[in-house]
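The whole structure should be built from the sequences, with the hints applied where relevant.
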Amino acid sequence: MDHEDEEIEIPSYFICPISLDIMKDPVIAVSGITYDRESIFKWLEEVSSCPVTKQPIPSDSDLTPNHTLRRLIQHWCVENATRGVERIPTPRDPPGKPDVFEEIKNLKKFVEKGLGREDTLKKLEVLAMEGETNRRLMYEADVHRSLILFVVKCTREQEEEEGQPRIKVQLDESLRLLHLLGVPLHDARTILMENDQILDSLSLVLNQQNFLNKAYTIVLLRNLTVNTSSHIVERLNPEILKGIIGFLKEVVSSFNRTSPNVSDTAQSSNPRLRNKEPSKLDYSLVIKQAVTAALMILLETSSWSGNRINLVDLGAVSQLIELEISSTGDKRATELVLGVLSRLCCCTNGRADILAHGGGLAIVTKRLLGVSIAADDRALSILSTVSKFSPEKAVVEEMVCVGTVEKLCTVLRVDCGLSLKEKAKEILRDHFDEWKKFPCFDVTLLTKLLNSSHEDLLAEFHSQVNV
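Counting in the numbering used here, the sequence shown runs from 13 upward without gaps.
Quick caveat, the hints were computed from the structure, so don't treat them as lab data. Heads up, some of the hints might be wrong.
[Said to hold, decoys possible] Quick list of in silico lysine-lysine cross-link-like pairs, DSBU-like style, CA-CA up to 30 angstroms:
#1 K36 with K134
#2 K343 with K54
#3 K460 with K449
#4 K448 with K433
#5 K405 with K448
#6 K449 with K437
#7 K261 with K343
#8 K378 with K400
[To be verified] So the derived label-pair ranges between C-beta atoms look like this:
#9 D442 with A364: 15 to 21 angstroms
#10 D208 with H466: 51 to 57 angstroms
#11 H466 with L192: 22 to 28 angstroms
#12 M205 with V42: 56 to 62 angstroms
#13 D208 with E144: 31 to 37 angstroms
#14 R178 with T94: 51 to 57 angstroms
#15 D33 with K261: 46 to 52 angstroms
#16 E21 with D74: 31 to 37 angstroms
Note that beta-carbon positions come from the ideal geometry of N, C-alpha and C, so glycine has one too.
So this is what it looks like as structure tokens:
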């Protein structure tokens, strides 16, 4: 509206209770209140209740178009066109269940028999973006299973017909749609047991060039292995571990850089999604999910000595340290990184790699008492293992230079778990004779900390806090 001479009175029932603007696409929620479609979509993503009545509204509940009100609004706009009111166009109806069922049938034909339209994957992606109702219909029709089989088929064809752009596009679309849908936990184990080619196919994708496809694949791999038997995780193809380490290396080198792959997204008829350019936030979310999934896979696989040796040989220690140094403050990621490093420290070469990296001991020391109780426990475990099994003079000196000794003293003086204090005391006692030679340390204070009881140290801490 653009009319300077007089204020136009807008009927109150034309106004959306959420946006307080004239409704362009009025829809009736199950609570009986009419809202603009875009506004209620946004609202239900955050709050599952009616803004007006507070009645519970599931996020996938039907929204009924209020055609009568829309026509009234359009008629009113036309009547007031001379006063600067612009006509509101008739909105496009969102797709419904028949569209979903039709595209699911097309997908099964396309995957199983090579028949049907090649744009089926793109159409299913658009439908999946429309909302939870469509995604649930796809779950019930086992679309995720069909897509995984299609990924296997695409990777096999890629090996046979290298360089075919059609296959690459279909693989990209399949992995992106799988990421949108996910894999139900109760299906994961049976999917892997039914097809022994799946892990090999995912391994091939992980060692290809497409960065975003690697991210989708790692999240998928985590979903497939989360509830599977331990022998599958224990015997993961070394090429998969290599691909995961390579992905983390790319993540470190691509921080603050936008991937061109993200621009290849579906256009949705959902008014919230249509005309929305892919943003760095979308890209960052996918990568963040993939990094967490990668670290969880590495943590599980590093429970076995053979995998620990493989990971160390693949350069996992250096990449994990680099990842943590480049961290944006994700607490969960830090806990996982320290967890994997604490297991890789069980290997002689793993400890050597930590010490060989200029920032290894420094970043572990920095995270101690700075993240969470779980991170503290894992950081102290790393420091304890390194100082016990690699007690060379250079290591002891480095622990002074990077502030490890000072941080261990702080552990004894603050209110934290008894087990942490015991570990810190053990490290300090083991190297006391070396560290007391450094002029920067108060030998009297260090002796007092080692000889005082936990109760006395805690009482002193509280007395200082309450001053």
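>> Between the beta carbons of R178 and T94, is the distance compatible with 51 to 57 angstroms?
In response: holds (54 angstroms)
>> Tell me if the beta carbons of D442 and A364 are separated by a distance inside 15 to 21 angstroms.
In response: With Cβ atoms ~19 angstroms apart, the hint holds.
> Regarding the pair K448 and K433, is the alpha-carbon distance no greater than 30 angstroms?
Replying inline: holds (20 angstroms)
>> Holds or violated: K36 and K134, Cα atoms, limit 30 angstroms.
In response: holds (27 angstroms)
> Taking 56 to 62 angstroms as the hint, is the beta-carbon distance of M205 and V42 inside that range?
Replying inline: violated (41 angstroms)
>> K343 and K54 were given as a pair; does the straight-line alpha-carbon distance stay at or below 30 angstroms?
In response: holds (28 angstroms)
> Is K378 within 30 angstroms of K400, Cα to Cα?
Replying inline: holds (20 angstroms)
> Is K261 close enough to K343, meaning Cα to Cα at most 30 angstroms?
Replying inline: Distance of about 20 angstroms is within 30 angstroms: holds.
> Keeping to a limit of 30 angstroms between CA atoms, is the pair of K449 and K437 held or broken?
Replying inline: Distance of about 18 angstroms is within 30 angstroms: holds.
> Do D33 and K261 keep their Cβ atoms within the hinted range of 46 to 52 angstroms?
Replying inline: holds (48 angstroms)
> Do the beta carbons of H466 and L192 sit within 22 to 28 angstroms of each other?
Replying inline: violated (51 angstroms)
> Would you say the C-beta atoms of E21 and D74 sit inside 31 to 37 angstroms of each other?
Replying inline: holds (33 angstroms)
Violated hints, listed in ascending order, are 11, 12; each of the other numbered hints is respected by the structure.
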